[in-house]
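Chemist: Read off the chains here:
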Amino acid sequence: MHYIFDGTYYGWLTCVFEAFERKEFEARPISVDRYIPDMFAVDRTITTSTDKAMRVSKGLAMRLDKKSRMDFYRAFLFEDEAVWQAAFYLCIEIFRGNTAILSNYGNDAVLKFSEALHKVSRERHRMKAFVRFQRAADGMFFAVVEPDFNVLPLIITFFTNRYTDQPWIIYDLKRKYGIYWDKIRVTEVQLNEGDSTAMMQSSTVVSLDTQEEYYTNLWQQYFKSTNIKARRNMKLHLRHVPKRYWKYLPEKQFGNIKS
Amino acid sequence: MITNIFSIFVLKNTLSMDRLEEKLKILADAAKYDVSCSSSGSKRKNVGGIGDASSSGICHTYTEDGRCVSLLKILLTNHCIYDCAFCVSRKSNDIQRAAFTVEEVVKLTMNFYRRNYIEGLFLSSGIFKNADYTMERLLKIVKKLRLEERYNGYIHLKTIPGASDEMIREAGLYVDRMSINLEMPTEKGLQLMAPEKDHESVKKPLHFINQQIQALKHESKLIKHKPSFVPAGQSTQMVIGATPENDFEIMSVADTFYKDYNLKRVYYSGYIPIQNDHSLLPQIGSKPPLVRENRLYQTDWLLRFYGFQLDEILNPTFQHLDLEIDPKLSWALRNPHVFPVDINTADYKMIIRIPGVGRQSALKIIQARKFGRLHEYQIKKMGIAFNRARHFMRCADSPFQLGYTSMEAVRAKIVQKNPAKAAIVNSSQLNLFS
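Heads up: the protein sequence lines correspond to chains W and Y, in order. Here the first sequence is numbered in our numbering, starting from 7 and rising by one per residue. Here the second sequence is numbered in our numbering, starting from 88 and rising by one per residue.
Treat the hints loosely; a few may be bogus.
[Stated by the list, open to error] Taking lysine-lysine pairs in the DSBU-like style, the calculated list, with each CA pair at most 30 angstroms apart, reads:
no., chain 1, residue 1, chain 2, residue 2
1, W, K235, Y, K351
2, Y, K468, W, K72
3, W, K241, Y, K500
4, Y, K216, Y, K291
5, Y, K468, W, K241
6, W, K249, W, K134
7, W, K189, Y, K132
8, Y, K467, W, K241
9, Y, K374, W, K258
10, W, K249, Y, K504
[Claimed, not checked] Taking CB as the label site, the calculated pair distances span:
no., chain 1, residue 1, chain 2, residue 2, range
11, Y, L309, W, I162, 31 to 39 angstroms
12, Y, K346, W, T163, 35 to 43 angstroms
13, Y, K291, W, K235, 46 to 54 angstroms
[Claimed, not checked] Some chain Y residues close to chain W (C-beta under 8 angstroms, calculated; not the full set):
no., residue
14, N133
15, I137
16, E151
17, L260
18, P292
19, H294
Source of the hints: derived by calculation from the structure; they are not laboratory data. Quick caveat: nothing in here was measured; it's all calculated off a predicted structure. Virtual Cβ for every residue (Gly too), placed ideally from N, Cα, C.
Put together the whole structure using the sequences plus the hints.
Modeler: In structure tokens:
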């Protein structure tokens with residue numbers, strides 16, 4: 007049986023609550039946008055409830071340390087049904103008293119869960135590394151990214167701690183939302199269709215600071231000069247900087263580089 | 088007519104490269120042979136300005152040689168009073184010279200940092216006039232960044248050999264890491280390449296800074312708000328393959344320096360030929376010893392994280408690392424009496440000695456076996472190199488074996504499975520050292 011939820015973390019937590027309420031431990035959570043109706047199956051639509059979600063969250067807090075509790079949120083951001091299913095199963099096991107299960111790496115669900123965590127963590131690290139700000143004429147620093155997983159919520163603290171004295175926006179083009187820091191607080195922002203294509207062709211529409219191209223050039227020059235040709239190793243280069251990230255890395259745009 | 092167009096084109100091109108860009112080109116190129124690019128180990132916080140240090144370090148990009156770009160790595164100047172044969176900036180080398188102003192370095196660092204291009208600055212310099220004069224300029228940059236720009240990002244500063252203790256101590260209060268390079272692994276090698284230098288002038292500041300760090304560590308138990316002093320510690324670098332030292336000599340030096348000066352890292356930099364005028368140096372065109380460099384780093388890791396003692400890996404009767412296989416595997420093949428290790432009962436420190444099993448997988452094994460004896464199909468999924476590891480371990484369902492398998496046969500099987508590395512070794516490495 008599928009549990010159809012709204013695709014939010016609270017929705018997923020509500021699924022866990024409902025599973026206990028109805029003793030439907032075999033349920034498989036799936037988000038409404040991925041759900042394909044099957045006329046022979048009896049599926050259940052789960053209505054997200056903050057109260058129920060909070061009760062599950064508190065229940066986990068009583069049974070797990072903070073890191074493991076947060077792991078459920080991080081694994082959720084992997085945005086994959088099989089991982090949601092594994093996490094759902096683990097959650098149920100924990101509430102049934104099997105609190106140590108997360109370290110049982112001989113168990114397939116635990117492995118699935120820890121692999122997802124590993125990948126989310128790697129993507130989070132990549133976003134700390136690969137975000138490239140451009141300075142707009144009004145002093146705003148903005149960056150566009152397309153991460154494999156929904157990791158923006160996991161990098162907020164990193165960027166607010168570091169770039170405290172400048173306003174910035176990091177926009178996830180794939181998921182169509184961004185995080186905006188105004189030097190006081192972070193808010194979630196959504197751009198309308200017209201604006202988001204404007205961000206993509208940033209240099210033509212958003213008016214850039216006059217110095218922006220100058221520093222992009224300097225950075226490209228640096229990237230080129232610090233390379234040692236005699237050690238060329240493209241296999242290693244590609245492993246660390248996969249091609250799908252090049253689009254937003256100025257050092258990988260060799261349009262106007264002078265040697 | 089055609090030449091005319093051509094000359095206009097060239098003229099335009101030179102005009103469009105501004106002076107700062109040209110300096111950056113020269114001084115980044117001159118700094119790139121310093122391989123350290125680590126930005127880890129510091130916990131500097133953002134105190135009302137911009138920037139902080141990420142304790143795990145971040146590589147913001149990688150160059151086409153596969154090396155991490157974490158810091159803006161530049162020389163303040165490539166003018167130098169020394170004439171070290173292995174160095175591109177040596178006095179007698181006919182190259183373009185340049186020098187940044189203090190303001191230029193600050194401007195580059197801040198503008199790169201604000202765009203999240205870099206984790207921070209790695210500042211080194213050729214020696215102009217004298218050591219203190221050079222150190223003073225470096226210190227000026229560091230202080231301007233910290234005090235005027237309120238910059239709390241990472242700074243790695245080269246210690247200039249011969250600079251005064253006062254100057255070094257002051258620098259240590261503002262930077263995250265300091266380093267000073269041994270250049271050649273032994274005094275004898277250094278004498279061949281750089282007669283004006285010696286290891287003593289490297290040991291002295293390493294010792295001085297280490298003393299300050301240790302003293303502060305002791306004090307910090309007594310006082311609450313301790314001043315930070317080189318929080319990410321010290322490192323050094325040795326050039327490999329320019330002089331004839333063998334791996335045992337190299338790693339003995341590294342081992343001693345780790346122990347004597349509490350170094351965070353020793354870097355091994357495969358020599359890249361830059362000149363043909365020195366008959367003892369590998370000539371331009373010969374390949375850098377990349378596989379050997381890799382084996383040295385693996386050895387370094389075994390010493391620091393895997394509980395190995397140097398004499399287990401290298402000793403007077405075994406002075407060269409096997410280029411074809413990694414040093415852990417090589418050790419295992421020489422010590423068949425230790426294997427197979429039973430992963431269901433053995434200690435963590437024995438499990439990490441199994442070739443193909445890393446520290447993370449070892450931890451997983453230790454945790455998972457509390458839930459029941461582990462079988463091969465479970466181990467395979469834990470991220471280990473099973474094809475290598477299987478010869479050296481026993482799982483719950485491993486077939487019982489009478490006696491040892493010949494280690495020669497095991498080696499042949501493993502090398503056969505991974506012929507790529509062996510090919511690189513045979514084509515480019517051996518001829519350099521034969």
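Chemist: Does each hint hold? Answer for all of them.
Modeler: Hint by hint, here is what the structure shows:
Under the criterion of a C-alpha separation no larger than 30 angstroms, the hint pairing K235(W) with K351(Y) is consistent with the structure, at around 28 angstroms. Between K468(Y) and K72(W) the alpha-carbon distance is near 27 angstroms, which keeps this suggested pair within the 30 angstroms criterion. For the given pair, K241(W) sits about 25 angstroms from K500(Y) by alpha-carbon distance, which is consistent with the 30 angstroms threshold. The hinted pair formed by K216(Y) and K291(Y) meets the criterion: a straight-line CA distance of about 21 angstroms does not exceed 30 angstroms.
Only pairs whose Cα atoms come within 30 angstroms are accepted, and K468(Y) paired with K241(W) is accepted, the gap being roughly 25 angstroms. Straight-line distance between C-alpha atoms of K249(W) and K134(W) comes to about 17 angstroms, which keeps the hinted pair within the 30 angstroms bound. Between K189(W) and K132(Y), the direct Cα distance comes to roughly 17 angstroms. Compliance with the 30 angstroms bound is thereby established for this hinted pair. Simply put, K467(Y) and K241(W) have alpha-carbon atoms about 26 angstroms apart, close enough for the 30 angstroms limit, and the pair holds.
A C-alpha spacing of about 27 angstroms is found between K374(Y) and K258(W), which places the hinted pair at or below 30 angstroms, so the restraint holds. Pair hint K249(W) plus K504(Y) holds up; C-alpha atoms about 29 angstroms apart against a cutoff of 30 angstroms. Checked against the hint of 31 to 39 angstroms, the pair L309(Y) and I162(W) passes, with Cβ atoms roughly 37 angstroms apart. The beta-carbon spacing between K346(Y) and T163(W), approximately 38 angstroms, falls within the hinted interval of 35 to 43 angstroms.
A hinted range of 46 to 54 angstroms is violated for the C-beta pair K291(Y) and K235(W), which are about 36 angstroms apart. A cut of 8 angstroms between beta carbons decides the hint on N133(Y): the least distance to chain W is about 6 angstroms, and the hint holds. Interface hint at I137(Y): satisfied, since its Cβ lies 5 angstroms from the closest Cβ of chain W, which is below the 8 angstroms cut-off. Against a cut-off of 8 angstroms between C-beta atoms, the interface hint on E151(Y) holds, since the closest Cβ of chain W lies about 5 angstroms away.
This hint is violated: L260(Y) has a C-beta 22 angstroms from the nearest C-beta of chain W, more than the 8 angstroms allowed. Interface restraint check: P292(Y) against chain W, minimum CB-CB distance 26 angstroms, threshold 8 angstroms, status violated. The interface hint given for H294(Y) is broken, as the beta carbon of that residue sits about 31 angstroms from the closest beta carbon of chain W, more than 8 angstroms.
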